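Trainee: Here are the chains, one letter per residue:
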Amino acid sequence: MTNVLLKNWQFTLVAIIVLISIATIGFYGIKLGMDFKGGTLYQVELQKTVSTEEIARISTIISQRIDPSGLKDATVYPVGGQFIVVQLSETDITELEKVESRIRQQGKFEAVLDGNIVFTGDELKKVLRGDNSYGVMKQSSTSYEWSLPFVLNEKATKNFARSTFHKCNQTGFSPTGGITYECEKTIFFLDRPTSLLVTTKDTYDYDESLLTAGNKFENIPEGTLIEELIADSMLNVMVLDSNATIDLAKARTYFETTKTAVVSPSVSQSVINDLNAIGFAVTVTQAKKDSPWIWTATGAKQIISLTEGITNEDVSDISQAKEFSTLRISGQRQTFAEAKSDLEELAILLESGSLPTPVKSISKETISPSLGESFLFNVLLMGILAAIAVSGIIIIRYKMLNLAIPIILTGLSEILILMGFLALTQRPLDLAAFAGIIAAIGTGVDSEIVITDEILGKSKEAHESLIQRAKAALFIIATSAFTVIGVMGPIVLFSRNLPGLDKLYGFAVVAIVGALIGIFVTRPAFTKLVEGIVHKKEEKEGRN
Amino acid sequence: MQDFYKSNYKKMMLIPLIIAIPLLFFVFIFPGIQPGVDLTGGNVVIIRSDKPIIEADLLSVLKENFSLPELKVSTISSPTGFGAWIQYGKDPLVANVEELTAKASESIDSEKESIAFSNQALKALGKEEATFANSKIALLAAEQALAEYKEAFSKKLQETISQKLGLGANAEFQKREISPTLGKASFDSSMFITLIGVIMIIVVVFVAFRKFVPSAAIIQAMLFDVLAGLAGMAILGIPLSLTTLPALLMLIGYSVDTDIMLTSRMLKGKDGTPGQRATSSMKTGLTMTGTTLAALIAMLAVSYFYQIEVIYQISAILFFGLVGDTISTWLMNAPILLWWIEKKESKRNF
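Chains as they are written, first to last, in this note's numbering: chain A, 1 to 544; chain B, 1 to 350.
A couple of the hints might just be wrong.
Example chain A residues on the side facing chain B (calculated, C-beta under 8 Å, incomplete) [what the hints assert, rightly or not]:
1. Glu182
2. Glu365
3. Ile449
These aren't lab readings, by the way, just hints derived from the structure by calculation.
For clarity, every value in this text was computed on a predicted model and none was experimentally measured.
Beta carbons are placed, not taken as given, at the ideal position from N, Cα and C, and that holds for glycine.
Generate the whole structure from the sequences, applying the supplied hints.
Mentor: This is the structure:
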């Protein structure tokens, strides 16, 4: 039995791969693209109207955030100067929530030391996803730490070295003879507001104690001083006295520089009304559970102490300071899943960059497929009619019924294998993939006709053996396949990261995979099949 | 038909040469190729209503009463109600007028030139040309006329939809202009990448056959086929966009197949005279092209009937291109090869 299978390895190969493809399709499922199944439509309103270049930039950032790997079926495009439309084929509620929060967040990341911004998220060259220190590690049975190493660009690296130079104070000597230091702290902020903060004395005092106690899961080290936090946030904070009245004059002076105010829930409605009267746009921010209000209100994410290595304590002159371009931010969560999610979301935000203009609102709607609900049926109809048309021509030409069957079978198996590929890589089946499949099948049928003719046609002048004829056919179809790869190759190599060209990329990938499947899998089997048919025919006609 | 290519085969080459002239005219002079919605941007009309809207009905109302380029219709629903999303490309008239007003604005300091542009814009909008005191007033008049035109069109669109679909007084319409999704830079990049692809094909062909004239003959056939496809786009008004660019790429792949087959048979085949080999190749080649054309006709019919514009466009481009391929392969590439082989053999016989 194995001998037969091995001798006819071409058929065995096709059978195996087709079976694998069917299994893959069953297991992973085929993702239908938006053209076929519709999805969700978001209209993102920006806080103000911006220029064409800026809204194009914002669209790019948003599309990177929604779909960092380029696999989802998402289109993002600007509408006018203030709206961005996002269409994606996702309809699952939890996934959509993630997408929405990614779009909504401005993603402004800042590191502050001593009341100065040392670097921002936009000065990150890249996130070191491939590095060993990127990932989640178990700290204990109830805590997991995520770690995100990143690289700063040259300018930020220099600035960082300069700002952190000698920012440690010697405190004594360690038992091993080294020097112990106490170093200044850098605070990382995410979406630090540019607002006036207003809180009550009670909340302020409570926050102070929470900060001193520290919170592992909020990345607040023990002994954090509230004054330090406020200083580094570079925000004005008004603490209402026990009478809970607000110093209106002071508030008015603040209004000259900031038009928005963030207040804690403990602030009374009358104070809020007073602020509104002055002209502030007031938002009430809730504190996270067991977390200081002021921590959430300032957007603080982590406090990291510098170390003597980084601050170049051992170097006397700033010009000789060692520059560190790779830094790390980390956090702790109680479960692995939470830690991983935090890591991923922050990585995406840092990689995509911050939105130059924040988002004002997002409206969400379900959108129907643009190609019509019955499109799949239409495609099936087209496929059947095309198959009939092609068979018709073949039968007319060769006058042999059984030559049409191998061609149809080969076409079908190629379609199945390509769909298996789509399922395996979770690429959506959309119009681009569909066009790629057509391209692959068309070239396939052409090649099969060539093979048939080479083998069949030359039987009249039997100068060449079957093998020689097959070789001639192989040369032709190999060259054809290489032209397909030649044309689509550059597209696959270069258009992946160009905005808006991902549909072209999807088309080219499917076309190339189709060509490769043709050369290595389906056409050898077809050749063998035709050889068999011709052999039988020649035997019948008394030749050999 | 043992030998289609008898002694006067050289005269066949005249046919593609002659046909190329009107094709070039269609593509480069008139009507030319329209840029698609990706490049020019377009319009979106968002309808909100308390009654559900049926996509097929909306589509047919729009198609019967207006000729909107690159029309895409979807229905939207949310907990708060129903609606529809209508997307269409820029009206070529509007695009033209916007270009004229842009030119008028650039040349605002040279009175005569600017006023001329503004007047051209007005004329395009169906208004009378006029004499203006200065270029600024002329530009204003042109811009106002354009705004009025757009307004009027919007209103007509809304009224027609409302009336034909019976949406009632509570329907809300929002009209927005979409910026191009693909900046000119991205489009230029995609053109450049395609060019690299074409160069790769040329390399593959030369490596496969190693002789100059035969390889060049294949390349010229490919170019002719692309020209035919582009001419089809120009005649049918199919815009060049990211959806139709794949069709041109597919065309290159398909068209080169027949020429490679022909050249391989002619150069490497051992049976019969070159003319006979060419004729038998033609039988194979016509079968190859024939099957693809038959499949395309099926696709054209279904997509036309069910109004699936994108498939229709891709099929049409391929159809034109492959008809061109039949001409360029058998009436040009084959004669060139025969000529070349004959020359080689006569040299050898010296």
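Trainee: If a hint holds in the structure, say so; if it does not, say that too.
Mentor: Each hint tested on the structure:
| no. | hint | in the structure |
| --- | --- | --- |
| 1 | Glu182 | violated (52 Å) |
| 2 | Glu365 | holds (4 Å) |
| 3 | Ile449 | holds (5 Å) |
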